[in-house]
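Colleague: Residue strings, one per chain:
2 protein chains.
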Amino acid sequence: MDPVKKYVQEQKDRFVKELAGFLRIPSVSAKSERREACRQAADFLLQELGRLGFSTSLHETPGHPIVTASRMDDPAQPTVLIYGHYDVQPEEPLDLWTSPPFEPRIVNGNLYARGASDDKGQLYAHIKAVETLIRTEGKLPVNVTFLLEGEEEIASTHLEAFIEENREILQGDVAVISDSSQYGPGMPAICYGLRGICADEIRVQGANRDLHSGSYGGAVPNPCNVLCEIIAKLKDETGRIQIPGFYEDVLELEAWEREAFAALAGDDEDFRRQLGVAGLHGEEGYTTLERKWARPTLDVNGLFGGYSGEGAKTIIPAWAGAKITMRLVPNQQPDKIRHLFREYVRRVAPAYVTVSFVDHSGGGPVRIPRDAPFMNTAVQALEYGFGRKPVFIREGGSIPVVSTLERKLGLKTLLLGFGLPDDNAHAPDEKFSLADYERGILTSARFLQLCAKTAGAETR
Amino acid sequence: MDPVKKYVQEQKDRFVKELAGFLRIPSVSAKSERREACRQAADFLLQELGRLGFSTSLHETPGHPIVTASRMDDPAQPTVLIYGHYDVQPEEPLDLWTSPPFEPRIVNGNLYARGASDDKGQLYAHIKAVETLIRTEGKLPVNVTFLLEGEEEIASTHLEAFIEENREILQGDVAVISDSSQYGPGMPAICYGLRGICADEIRVQGANRDLHSGSYGGAVPNPCNVLCEIIAKLKDETGRIQIPGFYEDVLELEAWEREAFAALAGDDEDFRRQLGVAGLHGEEGYTTLERKWARPTLDVNGLFGGYSGEGAKTIIPAWAGAKITMRLVPNQQPDKIRHLFREYVRRVAPAYVTVSFVDHSGGGPVRIPRDAPFMNTAVQALEYGFGRKPVFIREGGSIPVVSTLERKLGLKTLLLGFGLPDDNAHAPDEKFSLADYERGILTSARFLQLCAKTAGAETR
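Those sequence lines, one after another, are chains A and B.
Okay, so the first sequence: first residue is 6 according to my numbering, each after it adds one.
Okay, so the second sequence: first residue is 6 according to my numbering, each after it adds one.
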């Protein structure tokens with residue numbers, strides 16, 4: 006038996022106990038009364054990595070602290086940057102939890118607790134992997150830097166500025182993040198593409214006050230009607246976005262991707278039934294997976310204006326608004342899309358209302374090429390850990406840190422999800438399978454070993 | 006000097022004092038803690054009309070009581086039904102009142118108090134008119150029935166059923182309501198047309214829950230976008246409503262009306278500036294007054310769905326809704342319009358969402374023909390009271406009781422507004438000019454006298 010597998014087998018009960026200790030800290034970043042708990046979680050990581058011989062630092066931010074830890078065992082070897090977050094989602098609604106969210110419990114091989122999968126469990130698998138290598142090999146085969154934040158669940162408010170100001174300690178050759186999931190049980194995956202986002206808000210102003218719809222109706226513009234007319238012009242009936250230039254930078258799907266997605270596709274009718282929607286709808290000429298993973302979108306997230314209470318109120322509202330997110334795909338850029346969006350809205354808006362915008366920020370899309378550094382290494386490591394070759398997937402959401410790492414540090418990120426789609430991240434009864442925890446540790450350890458080999462040095 | 010004018014001159018100070026007493030009762034129908042005050046206002050009217058020799062009744066309803074009072078002085082004479090309401094709007098915001106709303110105060114010839122103009126002052130002018138006639142002539146020249154409710158400001162919830170059940174005591178030849186205003190200072194008006202209303206709500210349902218706009222966006226319908234697309238199809242860019250059959254029953258403006266409206270028209274640019282809107286907008290081919298008084302409308306009164314708080318929330322909302330009122334003109338019927346509206350919405354809604362509706366009720370439009378009974382009598386009475394011939398106007402809002410009186414009792418209503426457009430009805434510092442109060446009393450007394458003459462009997 007190889008020494009890594011042997012060590013993990015021997016130590017796995019302790020590994021679970023230690024993770025449970027980490028999960029007991031209620032580090033909910035969104036709650037000010039949990040500020041101390043967040044600091045406690047950061048300290049937990051600091052001490053753990055300190056004991057493993059890492060040089061550790063706690064960096065204060067206006068919010069929760071950021072932890073960095075480095076072991077530079079061999080300057081000739083590549084450096085792997087491992088990102089994770091120690092903060093967790095709020096635990097509410099409490100009454101839907103089978104057992105208390107911060108009292109970890111094992112049931113049928115799953116560890117139940119808030120943060121078990123997102124992201125404490127997955128992040129801790131990497132820490133147990135470096136421990137395993139250090140204890141079995143005496144040192145790490147490559148250099149490793151951990152970047153661990155406490156604000157991922159509240160939009161990573163202070164992370165980008167931190168990375169910008171601390172470039173020198175964050176240098177590396179590749180980044181690894183485990184904060185997502187396998188494609189399905191026993192189907193390890195590498196996520197090589199993420200959509201970006203451009204979030205904006207349209208405000209349409211009519212009169213300077215709400216007007217009586219009887220006394221004024223018919224003679225003055227209605228901002229609610231006008232807003233609807235503007236939004237209706239953003240897409241045609243086939244789902245195609247009508248903003249000129251919107252698709253200009255879109256990277257079309259390659260043939261191998263369409264084939265790979267087709268092989269992964271679920272049943273559309275099952276999908277429809279599970280959502281309880283009358284019908285599916287999306288851009289013509291694309292499958293459901295292609296629409297979710299590789300095509301840009303324009304969705305209204307909220308509509309508001311006038312009266313929304315019980316019964317009727319006979320007014321012409323003074324103003325109306327809509328929150329809109331556009332999901333972007335490689336190589337669309339949020340700033341350019343925002344500009345095109347606003348230009349088009351201004352153009353189609355009638356002159357008898359006043360239109361303004363609120364910037365809700367954005368983030369770029371990500372695509373890691375198949376021939377990116379260490380991509381094949383990740384494939385081999387996952388095969389070792391999970392006993393099966395990973396599939397290549399994309400994800401329709403955004404993980405802003407991935408695009409930040411690329412822009413600020415020039416790093417490509419390998420997204421190795423150890424969790425499962427049904428781990429209840431952000432929901433009651435969050436869990437992490439103990440088998441996946443172990444597979445994650447093996448995968449991470451193997452990845453670090455293979456990174457050294459790939460560098461060509463026969464040092465081991 | 007004619008005895009009516011002489012009596013009013015002599016008694017006017019007392020008339021003001023008595024009205025002030027009525028105004029001191031805080032009969033806000035919307036507030037449950039003012040239930041007793043509403044009953045007190047009803048009692049005040051009951052006693053006052055009792056003292057004037059009327060047979061009075063207090064009719065309990067599930068809400069506030071209805072007062073009826075009749076004097077049938079000569080069965081050979083016509084009967085005039087006078088409608089009014091003793092309830093008032095809530096007084097808030099209190100800090101914007103110059104003096105307390107239920108402590109009447111006279112400043113520069115205006116009586117300030119909640120209800121001064123809407124409707125206690127105008128209603129009381131009719132009571133002082135019958136007093137004047139009884140004291141100067143010993144009896145009333147015609148038969149008079151008062152119908153006085155306490156729920157006008159809360160949608161006259163129990164009035165229609167009451168009228169339906171009490172038809173025999175409400176029989177008459179014509180109805181008079183003074184609950185509106187002159188066209189401008191010193192410009193008495195007869196309002197001969199009101200718009201009706203059809204209030205409905207559209208609900209668009211997508212998935213059975215809010216979905217992550219990253220993970221699902223592009224592959225599932227978005228109810229907010231779809232709702233906007235539906236609403237955009239309700240009107241074209243010239244403001245014309247696109248519902249088939251919508252205009253079928255619309256009575257076109259007659260040539261004399263277009264001329265009369267043109268003579269009354271204000272300056273559009275002043276109107277625009279006062280509303281603070283970028284531009285006016287309405288149905289092509291019609292002036293502002295025509296659009297407000299005589300053309301049907303379709304206005305969104307409220308839009309809602311998804312997230313409307315601060316910042317962004319990346320969801321595809323499960324559902325969205327819009328409250329809509331259509332203002333109707335003669336001879337459109339609310340039920341037919343609701344049917345056409347829903348049929349059209351269902352037809353343009355895509356099959357991949359589920360559409361439903363909420364009925365927020367409606368009321369018919371009203372048009373009193375120029376040759377209606379007692380119309381010329383009203384013209385002469387207003388000329389007597391105000392010293393100037395009235396103009397013929399319409400109003401864009403609805404006064405549901407007018408259509409109820411026509412449907413249930415076959416009565417045409419004469420809308421004689423004694424107030425002014427700037428009386429601050431429903432607002433702080435509501436007022437009623439003492440001069441208009443006096444003119445109202447004279448107008449009402451003259452109208453009752455002339456009704457008798459018109460009936461052809463030389464009995465006086």
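Among the hints, erroneous ones may be present.
Remember, identical chains collapse to one label, so a pair may be satisfied in a single copy or spanning two.
[To be verified] The calculated lysine to aspartate or glutamate pairs, modelled on EDC-like cross-linking and capped at a C-alpha distance of 16 Å, are:
(1) K22 x D273
(2) K318 x E206
(3) K22 x E53
(4) K22 x E411
(5) K144 x E388
(6) K413 x D178
(7) K318 x E158
(8) K318 x D364
(9) K417 x D340
(10) K17 x E443
(11) K144 x D79
(12) K341 x E170
(13) K318 x E23
(14) K11 x D178
(15) K240 x E289
(16) K22 x E41
Simulated from the structure, these hints should not be mistaken for lab results.
Colleague: For each hint, tell me whether it holds in the structure or not.
Modeller: Against the structure, the hints:
1. K22 x D273: neither (41 Å within a copy, 77 Å between copies)
2. K318 x E206: Answer is between; shortest inter-copy Cα gap is 11 Å, intra-copy 25 Å.
3. K22 x E53: within (14 Å within a copy, 86 Å between copies)
4. K22 x E411: For K22 and E411, the Cα distance exceeds 16 Å both inside one copy (35 Å) and across copies (81 Å).
5. K144 x E388: neither (24 Å within a copy, 107 Å between copies)
6. K413 x D178: Classified as within; 13 Å inside a copy, 85 Å across copies.
7. K318 x E158: For K318 and E158, only the inter-copy Cα distance (13 Å) is at most 16 Å; the intra-copy one is 39 Å.
8. K318 x D364: between (31 Å within a copy, 13 Å between copies)
9. K417 x D340: Neither way: K417 and D340 sit 22 Å apart in one copy and 64 Å across, limit 16 Å.
10. K17 x E443: within (8 Å within a copy, 96 Å between copies)
11. K144 x D79: Classified as within; 9 Å inside a copy, 116 Å across copies.
12. K341 x E170: neither (26 Å within a copy, 68 Å between copies)
13. K318 x E23: This pair counts as neither: shortest intra-copy Cα distance 59 Å, inter-copy 35 Å.
14. K11 x D178: neither (29 Å within a copy, 104 Å between copies)
15. K240 x E289: within (12 Å within a copy, 27 Å between copies)
16. K22 x E41: neither (22 Å within a copy, 69 Å between copies)
Checked against the numbered hints above, the structure breaks hints 1, 4, 5, 9, 12, 13, 14 and 16 and satisfies the rest.
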